[in-house]
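Dock chain Z against the given chain P, drawing on the hints supplied.
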Amino acid sequence: MLVDFFTTLRRGQLPVSLRELLDLINALQAGVADMDMDDFYLLARTCLVKDEKYYDRFDRTFAAYFNNLQLQGDITDALIPQHWLDSDFIKQLSQEERDQIEALGGLDKLLETLRERLEEQKERHSGGSKWIGTGGTSPFGHSGFNPEGIRIGGQSKHKRAVKVWEKREFRNLDDSLQLGTRNIKVALRKLRKFARTGAADQLDLDDTIRSTAHNAGLLDLKMVPERHNAAKVILLFDVGGSMDPFIRTCEELFSAARSEFKHLEYFYFHNCVYEKVWRDNQRRFSEGIPTLDLLHTYGRDYRVIFVGDAAMSPYELSMAGGSVEHMNDEPGQIWLQRILDTWEKTVWLNPAQPHYWQYTQSTQMIRQQLNGHMYPLTVAGIEAATRHLSR
Amino acid sequence: MKFSGTRRYVATDDLSMAVNAAITLQRPLLVKGEPGTGKTLLAEEIAGALNKPLLRWHIKSTTKAQQGLYEYDAVSRLRDSQLGDERVHDINNYIRKGVLWQAFEAEQQPVLLIDEIDKADIEFPNDLLHELDKMEFAVYETGEVVSARNRPIIIITSNNEKELPDPFLRRCFFHYISFPDRDTLKQIIQVHFPDIESKLVREALEVFFRLREINQLKKKPSTSELIDWLKLILADQIPADVLASTDAASAMPPLYGALLKNEQDVHMLQRLAFLARREAR
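If you're matching them up, the sequences are chains P and Z in order. In terms of my numbering, the first sequence has 169 at position 181, counting the first letter as 1, and numbering is strictly consecutive. Every position in the second sequence, counted from 1, becomes a number in my numbering once 75 is added.
Bear in mind the hints are in silico, worked out from the structure with no lab data behind them. Everything numeric in this text was worked out from a predicted model, so none of it was measured. Warning: the hint list may mix true and false statements.
Footprint (simulated), chain P over chain Z, 3 or more residues, beta carbon under 8 Å [as the list claims (entries may be wrong)]:
1) 145 to 155
2) 244 to 255
3) 329 to 342
Under the rule of at most 27 Å between Cα atoms (straight-line distance), these lysine-lysine pairs were calculated in the DSSO-like manner [to be verified]:
4) LYS306/Z to LYS336/Z
5) LYS293/Z to LYS135/Z
6) LYS336/Z to LYS261/Z
7) LYS220/P to LYS194/Z
8) LYS135/Z to LYS194/Z
9) LYS295/Z to LYS210/P
10) LYS77/Z to LYS172/Z
11) LYS210/P to LYS264/P
12) LYS261/Z to LYS194/Z
13) LYS220/P to LYS135/Z
14) LYS295/Z to LYS135/Z
15) LYS210/P to LYS139/Z
16) LYS220/P to LYS77/Z
17) LYS135/Z to LYS210/P
18) LYS293/Z to LYS306/Z
19) LYS172/Z to LYS209/Z
20) LYS135/Z to LYS294/Z
21) LYS172/Z to LYS135/Z
No residue lacks a Cβ here, since even glycine has one placed at the ideal position from N, Cα and C.
One chain only, chain Z, in its complex shape:
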């Protein structure tokens, strides 16, 4: 049961190593990296490759750790009691299972994705320490103890908006997905567009890397932007020569809207192009 990328996902050696270590030792894997380098996709692909169900838990700024375990809906029970509903006598009717509970009681070992953990309150990771370590928790309302039948494979992603507490980090394995180099990028493109012309790829990568080299960009385009951009280029049937002729110095790359997501970045690129044109004269 080794993970080494899939047909649709190129995993570098260091990434597969981290994933395999986490699976073997049954530890959560914390994945960080630039936006758009495939952190969230990783969990989906692991689930696909190992043929396991995937459970997602998307974290928001208001998410509490308790919501991942279960929620006791006291308010609707109160309302039911006032309306004289029969359900009110069984407290289990008002306990809603969270994602972790579902993962713990799953028949088959699932892959659990905890997405963007840094979005939550600072205390959030601390509240999950015991649950992730022992893979069990108690339900206060019923006294039941829920423990994992099969320890799920847990993938946690973070965008670095908050620093995670040390005790939490100690319980995880960690991997930083660095931006892929040219060869890896070529592989990734090959995986997504098997029929693409190699000349087009070469020219597109040329434009792409030149764009990434501009230091002042607020949001550098990353892998997912590159893929979207290539999709558009293929859809519009833009030939490789057009890309070759548009070196960043003389004009904007075609369909730049897919690469630059920020108005200021577009303005800056236009300014740079203008300066370069003036110099060339």
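So that you can see chain P by itself, here it is in the shape it has in the complex:
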């Protein structure tokens, strides 16, 4: 039976190995857990999951397995897309209305119906009494009311609580989600990976030998100070326009990066880099810095990180005079190429969700120009980007 459970977990994209399964079986045989569902859940989680970012995935898979839900490919697809469930209103129901709602039969029947509905339903839904969505009186979705409802995402409003693993307390620890206050800290600590080049060695052997020889063979120790983070980073932020929804995320990235790197230079641009960038958004027109100066000031060992949604008119990239706010003599692509030629290690972090990228022509063009080194601004994305930068 556990083999089935194990394969379900693997299909749910949890990185579990045989060794951990054996551990779990051993623990069960040793009688660590009583034969009860809650204990088994806790024990299985302790043995099989090694990072809190997988807790949520584990909870979902565990629930799915024990509710006999069929997993279709990726479990995340099998469940309801998040945006159907964003709570936009809470329907206040009177007691009378509540009384009118009748239960739809047993749990099995509910699950059965849910599966059918899932297959039928193709778009977001709110209110009403049949489809999955927010509010309303359908038995599926959240924030609504049905005496025997199944809550899918969202907060429980009527406290008809379910099992621990169905509470999904660990949802915001999943790193495929967008960055949050906690996640950003962790993500930037990963940038330190390439910042720390080998552990420090404090005894300066060469100098000690030389100096001991000078000292007629009597030992004379020479020490050198510890080596510190030597990574140099240039951050280029897109500001204004389509970047407005991402300001918070960018701020967080910026403040974390500033505390992480001693050699950090940051500049702003709008949509695409042209002949000028600036440091202060208030005085951007009076105090611009020529991009050429940038190219000549900072050495080739700098790493360049663009942060922007790369969504603009394709003309901004490909035509002279295509910029939305000034008359540019040379197209954006040329400036981008100059940067790429100067600094080999360049990545683009894009706060927009990756599955939208293909719909924006400019995003595609930039991505191509960077040889595909465009990453989503998520924990996993930053990690992938830093891996490229540190290579």
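Showing chain Z alone in chain P's frame:
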């Protein structure tokens, strides 16, 4: 030999389960969680509850795995040889035992705390794979093999500053201490301050949770801050009514310095309080 919290430490069901599984199967237990949720304390309490000696190994950014096993002090041997010291003939005089060695040769099974493993170099956990798995290592200088008399109970804490390598994780059990809910917090307070008024606790928790709800805080106050804060409140004999009247909207909570450790957080709270006062007008 089951661990289920102590008089001074409230262990939730999931935590005790993880600890007991690790003890039974003799695997290291990796504990993560917000700062101040009692990760380090856990090892001390396990040692206390099971009546076993506790060995600590605090990891710093410069700590090497080898230092936990042993260190061969070649430099002082060289110096001794030049000064003609007699000790120089026995290499054992220059081998210093590390924490792991001490744990391995202990008479009674010890609890070994490896604190903040994420502070060390990335390769650090990899260098300990074999030692933690087989609980033995060889001393290169003398050819001696040190293996554990009793496999120690190993508790490893991490603050998530670095990701730990997969092979290392596979050898550990894992538990994430999530922030306690209101009832657990009440229990924890009860354990620390048995005589505290229940009204004071209620009001204090109210203020505390409201503070934690503010999203933009750089460092959210956690259990240890709450305990410190209550200690101060009791010491200053601040009555529950004062706490009740200071809803975060109208003023700063008394003795907020114990809860907020960051200047920017204090400024922000002041700003929020100011805005709320203006709105109330």
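Do the hints match the structure? See the list:
1. Coverage of the region 145 to 155 of chain Z by chain P holds. Counting CB-CB distances below 8 Å, 3 residues qualify, and the rule asks for three or more.
2. Coverage of a stretch by a chain is defined here by at least three residues with a beta carbon nearer than 8 Å to that chain's beta carbons; for the region 244 to 255 of chain Z and chain P the count is 8, and the condition holds.
3. Counting residues of the region 329 to 342 of chain Z whose CB lies closer than 8 Å to any CB of chain P gives 0, which falls below the minimum of 3, so the coverage claim is violated.
4. For the hint linking LYS306/Z to LYS336/Z, the alpha-carbon distance of about 16 Å falls within 27 Å, and the restraint holds.
5. Only pairs whose Cα atoms come within 27 Å are accepted, and LYS293/Z paired with LYS135/Z is accepted, the gap being roughly 24 Å.
6. The suggested pairing of LYS336/Z with LYS261/Z holds, with an alpha-carbon distance near 23 Å, which does not exceed 27 Å.
7. Distance hint between LYS220/P and LYS194/Z is fulfilled; the C-alpha atoms sit about 22 Å from each other, no more than 27 Å.
8. Our distance criterion of 27 Å between C-alpha atoms is met by LYS135/Z and LYS194/Z, whose separation comes to about 6 Å.
9. Distance check on the hinted pair: LYS295/Z and LYS210/P sit about 45 Å apart at the alpha-carbon level, beyond 27 Å; violated.
10. In summary, the hint linking LYS77/Z to LYS172/Z is not supported, as the alpha carbons are separated by about 31 Å, beyond the 27 Å threshold.
11. Straight-line distance between C-alpha atoms of LYS210/P and LYS264/P comes to about 48 Å, which puts the hinted pair past the 27 Å bound.
12. Between LYS261/Z and LYS194/Z the CA atoms are separated by roughly 32 Å; this puts the pair beyond 27 Å, and the hint is violated.
13. As the CA atoms of LYS220/P and LYS135/Z are separated by approximately 24 Å, the hinted pair is consistent with the 27 Å bound.
14. At most 27 Å may separate the alpha-carbon atoms for a hinted pair to count; LYS295/Z and LYS135/Z meet this at roughly 24 Å.
15. Distance restraint check for LYS210/P and LYS139/Z: the Cα-Cα separation of roughly 21 Å lies within the 27 Å cut-off, and the hinted pair is therefore satisfied.
16. For the suggested pair LYS220/P and LYS77/Z, the alpha carbons sit about 51 Å apart, so the restraint of at most 27 Å is broken.
17. Proximity of LYS135/Z to LYS210/P is assessed by CA-CA distance (about 23 Å); at most 27 Å being required, the pair is judged to hold.
18. Taking the CA atoms of LYS293/Z and LYS306/Z, the gap is near 23 Å; set against the 27 Å cutoff, the hint holds.
19. Only pairs whose Cα atoms come within 27 Å are accepted, and LYS172/Z paired with LYS209/Z is accepted, the gap being roughly 18 Å.
20. Annotation: proposed proximity of LYS135/Z to LYS294/Z holds, straight-line Cα distance about 22 Å (limit 27 Å).
21. At roughly 18 Å between alpha-carbon atoms, LYS172/Z and LYS135/Z fall within 27 Å of each other, so this suggested pair holds.
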